[in-house]
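Participant: Start from chain A and add chain B according to the hints.
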Amino acid sequence: MRYIPHTEEDVRQMLASIGVKSIEDLFEEVPADLRLDRDLDLPEALSESELLRELQQLAAVNATPSDYLSFLGGGAYNHFIPSVIDQLVSRSEFYTAYTPYQPEISQGTLQAVFEYQTLICQLTGMDVSNASMYDGASACAEAVLMSTRATRKKKVLLAGSLHPEYRQTVETYCRYLEIELQEIPYLQDGRIDPEAITSSLDDKTAALIVGYPNFFGVVEDLTSLAETVHAKGALLVTAVPEPIALGLLKSPGECGADIVIGEGQSFGMPVSFGGPGVGFFAARQKTVRSMPGRLVGATTDKEGKNGFVLTLATREQHIRREKATSNICSNQGMCALMANMYLCLLGKKGIREVAEQNLAKAEYAKEAIASLPGFSIQFGGPTFNEFVVSLTGDLAKLLAKLEAEKVLAGIPLARFFSDMENSFLVCATEQHRKEDIDRLVDALKGGAA
Amino acid sequence: MEYPEDLKYTEEHEWLLIENDLVTVGITDFAQDALGDVVFVELPEEGDTVDFGKAFGVVESVKAVSDVYAPLSGEVVEVNDDLPDTPELVNTSPYEDGWMIKIRLTDPSELDSLLDVAAYKEFVEEQG
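Residue numbers (numbering that gives the first Met the number 0), protein chains in the order written: chain A, 0 to 448; chain B, 0 to 127.
Chain A on its own, in the form it takes in the complex (with noise of 0.2 Å):
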């Protein structure tokens, strides 16, 4: 696709045709008091050099992991991308092209989108997945909606653990909907309470959502949790913010989950300022109907041929209109991608080790800031890669000081739990090495004092 400018010309004859004088008459229903009558107030344009010279200032401003000793993690995760990825997604046909549907000239579009569909219900031991939605949060929500029209019921319980970004996105898309919204507290071992799950469910319960592992890296018992819920005739969707962690954990489908969402960022996407992120969205056979999204099918055609096509588009807005499944009627094409071309480079094998490595080095560094004197893992529970850490003394003081060594030690967790002023969430990764985590342990020690 070209950037193609208007010329004079051109712009004259669409006038024309449509029988207007200039391009001021196509605003005239806009009352003239609501009209910007003078020129923005924009400095003067800058010359090439100038511009990439103010840019490149602007950018210097930005902390990334290239430059900073980053343990961030709580949703968006710093993982090795292999330069292949890059390579590939930044072909034009790719990056320019939005939402190519067509079969019949967008096959190897769609042929990728089913291939990462299928590699999404292969980790998440699911049936179907669409093909993407715009992040982890916004699936979240969509799976909450789509728990309510599957079930026929209006309340949903929310874990206290679950992500509290997923939490408020969920919140703001149920605001108008009529459906009650219900948390579930988390127990001493950052695990939910089973008990308050049993007393808040009833016949009106239409799911329970729980972070696996959940916001502060635990990881939840969901067999016992889906046994729970469908004795009820509920659902159980689990939130996946991490899905490196599937390389390891028994799948959720495995566990019974009836639906699975999450986050795809961490399959060959940087960890960067608002995203882009990529959403995962997978069910079970039974209720595809209830879906969300686009859906890409296998087929074949006249001739005998394979072929995709998007498949079940009557759930969709442009066909059903207000009783539509979801508003979505796009999908995240490039990031699903550059998350099939990342699963695809790893492989079954790879990613079951990048796991790993993201098991013992999180472990490793667990262990080693558990010894410092005044600092404690609050939560018993097993973790995957990230950990509460809570301590005795100031913690912003100590976050700020690191900070100006150009380490980031971890996410505060004040901000999201106000009984947590003293604890942050530390993540490691397979990019972390040993003397990395050797230097945090070293820069936290008497930090605590």
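Because the hints were derived from the structure by calculation, they are not lab data.
Check before you lean on any hint, since a few could be wrong.
[What the hints assert, rightly or not] A few chain B residues that face chain A, going by a derived Cβ cut-off under 8 Å, partial list only:
1. PHE39
2. GLU59
3. VAL64
[Claimed, not checked] Restraint ranges, calculated between C-beta atoms of paired labels, are given here:
4. B/GLU95 <-> A/LEU180: 40 to 46 Å
5. A/ALA15 <-> B/ALA33: 40 to 46 Å
6. B/GLU1 <-> A/ILE3: 56 to 62 Å
7. B/PHE122 <-> A/THR310: 54 to 60 Å
8. A/THR197 <-> B/PHE122: 36 to 42 Å
9. B/VAL76 <-> A/PRO99: 47 to 53 Å
10. A/PHE416 <-> B/ASP36: 53 to 59 Å
Quick reminder that beta carbons are idealized off the backbone N, C-alpha and C, glycines included.
Facilitator: Chain B in isolation, oriented as in the chain A frame:
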């Protein structure tokens, strides 16, 4: 095209079998023929109430997806449990095995708005 004599009809191409206050509802032979192969039927649940003129279900065919409108207000006392797994019954047996729901009607005056077989036949023919 079949038009059973003992049924009532609507302009939305539903048929009704009225037995006192119990009304069985489905879509007509004309409707199933126009839709083509039905691949999915979504119905309400027993105990739900349906309102006159409002959609109570969805029929999806290879060509289109259409709402099915309640011809009467009342409580759903039975739904055809075979339809989710064998939606093609709507095509093969629209007036018998392909029935959709049974309603206990609440407002008998709504019966006045229904068409008899002659009126429905005429309506279909006008539609061309």
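Participant: In ascending order, which of the hints set out earlier in this document are inconsistent with the structure?
Facilitator: 7, 8
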